[in-house]
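**Q** Let chain A serve as the given structure and place chain B on it in line with the hints.
Number of protein chains: 2
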Amino acid sequence: MKAIIITIGDEILIGQVIDTNSAWIAEKLNAEGIKVHKIVSISDDKNEILQTLELAKNQADLVLVTGGLGPTKDDITKQCFAEFFNTSLILDEKILKQVESYFTGRGDEMPKANLGQAMVLKGGIAMPNKNGTAPGMWYEENKTIFISMPGVPYEMKALMEEDFLPMIKSYFKTPFLYKRTILTQGIGESSLMELIEDWENSLASENIKLAYLPQPGMVRLRLSSSSGEKEEIQQKVNSKIEELKKIIPEFIWGGEKQTLEEVVGLELNHRNQTLSTAESCTGGYIAHLITSISGSSQYFFGSIVSYANEVKQNSLDVSPVAIKVHGAVSKQVVEQMAKGVKTKLNTDFSIATSGIAGPLGGTSEKPVGTVWIAVSGPKRTISEKFNFGNHRTRNIRKTALQALNMLRKEILIQNP
Amino acid sequence: MKAIIITIGDEILIGQVIDTNSAWIAEKLNAEGIKVHKIVSISDDKNEILQTLELAKNQADLVLVTGGLGPTKDDITKQCFAEFFNTSLILDEKILKQVESYFTGRGDEMPKANLGQAMVLKGGIAMPNKNGTAPGMWYEENKTIFISMPGVPYEMKALMEEDFLPMIKSYFKTPFLYKRTILTQGIGESSLMELIEDWENSLASENIKLAYLPQPGMVRLRLSSSSGEKEEIQQKVNSKIEELKKIIPEFIWGGEKQTLEEVVGLELNHRNQTLSTAESCTGGYIAHLITSISGSSQYFFGSIVSYANEVKQNSLDVSPVAIKVHGAVSKQVVEQMAKGVKTKLNTDFSIATSGIAGPLGGTSEKPVGTVWIAVSGPKRTISEKFNFGNHRTRNIRKTALQALNMLRKEILIQNP
Numbered sequence: 001m002k003a004i005i006i007t008i009g010d011e012i013l014i015g016q017v018i019d020t021n022s023a024w025i026a027e028k029l030n031a032e033g034i035k036v037h038k039i040v041s042i043s044d045d046k047n048e049i050l051q052t053l054e055l056a057k058n059q060a061d062l063v064l065v066t067g068g069l070g071p072t073k074d075d076i077t078k079q080c081f082a083e084f085f086n087t088s089l090i091l092d093e094k095i096l097k098q099v100e101s102y103f104t105g106r107g108d109e110m111p112k113a114n115l116g117q118a119m120v121l122k123g124g125i126a127m128p129n130k131n132g133t134a135p136g137m138w139y140e141e142n143k144t145i146f147i148s149m150p151g152v153p154y155e156m157k158a159l160m161e162e163d164f165l166p167m168i169k170s171y172f173k174t175p176f177l178y179k180r181t182i183l184t185q186g187i188g189e190s191s192l193m194e195l196i197e198d199w200e201n202s203l204a205s206e207n208i209k210l211a212y213l214p215q216p217g218m219v220r221l222r223l224s225s226s227s228g229e230k231e232e233i234q235q236k237v238n239s240k241i242e243e244l245k246k247i248i249p250e251f252i253w254g255g256e257k258q259t260l261e262e263v264v265g266l267e268l269n270h271r272n273q274t275l276s277t278a279e280s281c282t283g284g285y286i287a288h289l290i291t292s293i294s295g296s297s298q299y300f301f302g303s304i305v306s307y308a309n310e311v312k313q314n315s316l317d318v319s320p321v322a323i324k325v326h327g328a329v330s331k332q333v334v335e336q337m338a339k340g341v342k343t344k345l346n347t348d349f350s351i352a353t354s355g356i357a358g359p360l361g362g363t364s365e366k367p368v369g370t371v372w373i374a375v376s377g378p379k380r381t382i383s384e385k386f387n388f389g390n391h392r393t394r395n396i397r398k399t400a401l402q403a404l405n406m407l408r409k410e411i412l413i414q415n416p
Numbered sequence: 001m002k003a004i005i006i007t008i009g010d011e012i013l014i015g016q017v018i019d020t021n022s023a024w025i026a027e028k029l030n031a032e033g034i035k036v037h038k039i040v041s042i043s044d045d046k047n048e049i050l051q052t053l054e055l056a057k058n059q060a061d062l063v064l065v066t067g068g069l070g071p072t073k074d075d076i077t078k079q080c081f082a083e084f085f086n087t088s089l090i091l092d093e094k095i096l097k098q099v100e101s102y103f104t105g106r107g108d109e110m111p112k113a114n115l116g117q118a119m120v121l122k123g124g125i126a127m128p129n130k131n132g133t134a135p136g137m138w139y140e141e142n143k144t145i146f147i148s149m150p151g152v153p154y155e156m157k158a159l160m161e162e163d164f165l166p167m168i169k170s171y172f173k174t175p176f177l178y179k180r181t182i183l184t185q186g187i188g189e190s191s192l193m194e195l196i197e198d199w200e201n202s203l204a205s206e207n208i209k210l211a212y213l214p215q216p217g218m219v220r221l222r223l224s225s226s227s228g229e230k231e232e233i234q235q236k237v238n239s240k241i242e243e244l245k246k247i248i249p250e251f252i253w254g255g256e257k258q259t260l261e262e263v264v265g266l267e268l269n270h271r272n273q274t275l276s277t278a279e280s281c282t283g284g285y286i287a288h289l290i291t292s293i294s295g296s297s298q299y300f301f302g303s304i305v306s307y308a309n310e311v312k313q314n315s316l317d318v319s320p321v322a323i324k325v326h327g328a329v330s331k332q333v334v335e336q337m338a339k340g341v342k343t344k345l346n347t348d349f350s351i352a353t354s355g356i357a358g359p360l361g362g363t364s365e366k367p368v369g370t371v372w373i374a375v376s377g378p379k380r381t382i383s384e385k386f387n388f389g390n391h392r393t394r395n396i397r398k399t400a401l402q403a404l405n406m407l408r409k410e411i412l413i414q415n416p
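One line per chain: the protein sequences are A and B, in this order.
For the first sequence, the numbering used here gives the first residue as 1, with consecutive numbering after it.
For the second sequence, the numbering used here gives the first residue as 1, with consecutive numbering after it.
Do not take every clue at face value.
Copies of the same chain are indistinguishable here, so a pair counts whether it falls within one copy or spans any two.
What the hints assert, rightly or not - In silico lysine to aspartate or glutamate, DMTMM-like type, Cα no more than 25 Å apart, as pairs: (1) K112 to E189; (2) K143 to E109; (3) K2 to D348; (4) K112 to E194; (5) K209 to D74; (6) K257 to D163; (7) K209 to E231; (8) K38 to D75; (9) K339 to D317; (10) K169 to E267; (11) K73 to E194; (12) K57 to D10; (13) K28 to E11; (14) K230 to E140; (15) K130 to E109; (16) K35 to E229; (17) K409 to E262; (18) K179 to E250; (19) K38 to D108; (20) K38 to E27; (21) K38 to E11; (22) K57 to D108.
These are calculated hints, taken from the structure and not from any lab test.
The shape of chain A in the complex, shown without the other chains (with noise of 0.2 Å):
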């Protein structure tokens, strides 16, 4: 079962707009088993459809098609799909009810030029678009099926989940996949490779697939199998997770979809607890993340972004004296940011941070990237230098991620 996605637009190969559909498609459709083998945005251009529709036909069994539906004279992927199938475009009366419903409903009169949208491939099935004008259309040549959808990212995704969906699986019959995603941080690809290099080479007699997806600050692990029953598949793919977390249970701190940030307030709110930050190197960016969480004002108090050291003193009663004797980016005064801003704030948990976020800045003592992370908690106050290289944003980037984990492990100890 090979599918292709086709995007048509003039406005993706100009980069003005990121092609959003078909990453939303191509999890849809792997979600069913369904492997989608290949993505191509092409120009609104009838030459270069034709071509790429016959590409596709050859290569999938399934194939489908958004963009180049709207009523304006650039949009030609209709035509061109009766050009293709050699077919003809009809009136659809169901269709059309719904296009002039669409606009009575808004209370406006139907612009003529809509008329040519209830205008669908004889031979095909059209199913009305509810959020739009454009018809999704699904049509079957030689065993491959071809689906046409609009664009626009709600109005193609409706008309996938109600309608197109459903239609494939029953076609297709689709096999089961199963797959599960775990999240590291703290271990870099290459280091973590080596560290479960054994454990790697076992998968294969199980007839699992693993693909390493790292981003900043974070390694993502994918498993995927597919052969065997159902059950058997899940029980396979799970005990071999159970296994990795054995071997590296400090990195792992969550799965599937998750962020770090999530993965920590669940585990405040489910203990009643608070937290606050006192930022100097990450500049707020941690209370960013937290508070980028919807319901964060169950559990977060705030932060003291204390980038100027008189903001240290003043606001989180770090000791002068520390700062002269030890510097700002210290063990010394990262804790004592931490406690401050705990006390000060009145939270059971708290981050602080202290580094050279860079480019400028850094000393042969404290090289740029040099960061001191301390958390506290109701038992006690832990701190950890790291380097983190460089690269200012992926610095501070990297920093927070290392300092939510860091939480996170604290709360499991502190807070069982």
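**A** Same frame as chain A, now just chain B:
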């Protein structure tokens, strides 16, 4: 001049990652007058890669490939290139040194798996990747240029901007294209279009093209022209921009690749003035934007992120009565927050935000998206109410941009 962009990696085909690289590359190429003909995403599969390269060779003058260059087993782009060009991979000592120093700079030893990262195409040009371990590669075959880059966006972008774009421009002798970008904030695309309609209509006769590039919270306007002599083109585009500045002075805050946080930083630095923020609904995001600029410690002292009302009272001296009578999301409270942080952190200017970021927490009187923003300076404190809709992340972003632009204007007014 036709270009094709190829993205290699299973993570895109299973929908786990949205392909943002291609849009970025397409925009850059377009700005140089190079038309992107097609964007293709395929998996880390040898036959697929070879077939796609073969097709691209026949259709394009320039083929840009991202992804599949990691040190792990599933990454095979380089091997496929070698086979396709009928050449071999050889160790590049210069690249090896750079890969080693990437690790030693972090105080690590280079994991053995990374030796392979220094193997490059014989007969091609390898460019070191200063942000990672996978080098970029340039290979010419029958007048078609193939470029291979890592898939990690910031590694790819640095290689593209610093090495490959200049090489592409010089190799293909791209025609002179003059383009300028005007940055606006505080007005939507449609309203802007109505406001500048006459001006826009006057561009055609000067052979100037205009593109609207909307982003959450701002609209970029790109003017470009390539017809005429270099100096003449520049002069006519620049004089049109001066005209535009007179039509919408309140919405234009910068140009080209500037960011609002950068512009605000320049204005403060220039005047030797300092800034602090008191953030409720933006949760530290404004402080994060400001501190993402290297050197911001010169003018930014810090922030008090007061998510809880207690923090507003205790750390910002907001009156409990004001919170009780007017609510936390009110003119009174946001102005007290701005004045409070300015005094506490001893800065010349301050920004304060208080709003309902959503998606929960709205009332009929104060629906989700209601935001109060205040700016306080040496001469006065101003505040304004907005509604930015019900999407949490966009809401936070729009609030931050609006606040920074309000600050920018107040700096010019209060301290010209």
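**Q** Each of the hints needs a verdict: does it hold here or not?
**A** Evaluation of the provided hints:
1. K112 to E189: Answer is between: at 12 Å across copies they meet the 25 Å cutoff, but 52 Å inside does not.
2. K143 to E109: Neither, since 40 Å and 55 Å both go past 25 Å.
3. K2 to D348: Neither: 52 Å inside a chain and 60 Å across chains, both beyond 25 Å.
4. K112 to E194: between (61 Å within a copy, 9 Å between copies)
5. K209 to D74: between (43 Å within a copy, 10 Å between copies)
6. K257 to D163: within (19 Å within a copy, 35 Å between copies)
7. K209 to E231: within (17 Å within a copy, 58 Å between copies)
8. K38 to D75: Cα proximity of K38 and D75: in one copy and across copies (23 Å, 17 Å).
9. K339 to D317: both (9 Å within a copy, 22 Å between copies)
10. K169 to E267: neither (35 Å within a copy, 53 Å between copies)
11. K73 to E194: This pair counts as between: shortest inter-copy Cα distance 12 Å, intra-copy 55 Å.
12. K57 to D10: both (23 Å within a copy, 22 Å between copies)
13. K28 to E11: both (24 Å within a copy, 13 Å between copies)
14. K230 to E140: Neither: 30 Å inside a copy, 48 Å across copies.
15. K130 to E109: within (17 Å within a copy, 58 Å between copies)
16. K35 to E229: within (18 Å within a copy, 48 Å between copies)
17. K409 to E262: For K409 and E262, the Cα distance is within 25 Å only inside one copy (14 Å; across copies 36 Å).
18. K179 to E250: Close inside one copy (22 Å), not across copies (51 Å); limit 25 Å.
19. K38 to D108: neither (41 Å within a copy, 38 Å between copies)
20. K38 to E27: This pair counts as both: shortest intra-copy Cα distance 13 Å, inter-copy 22 Å.
21. K38 to E11: both (20 Å within a copy, 12 Å between copies)
22. K57 to D108: Cα proximity of K57 and D108: none, with 41 Å in one copy and 50 Å across.
Hint compliance for this structure: hints 2, 3, 10, 14, 19, 22 are not met, and every other hint is.
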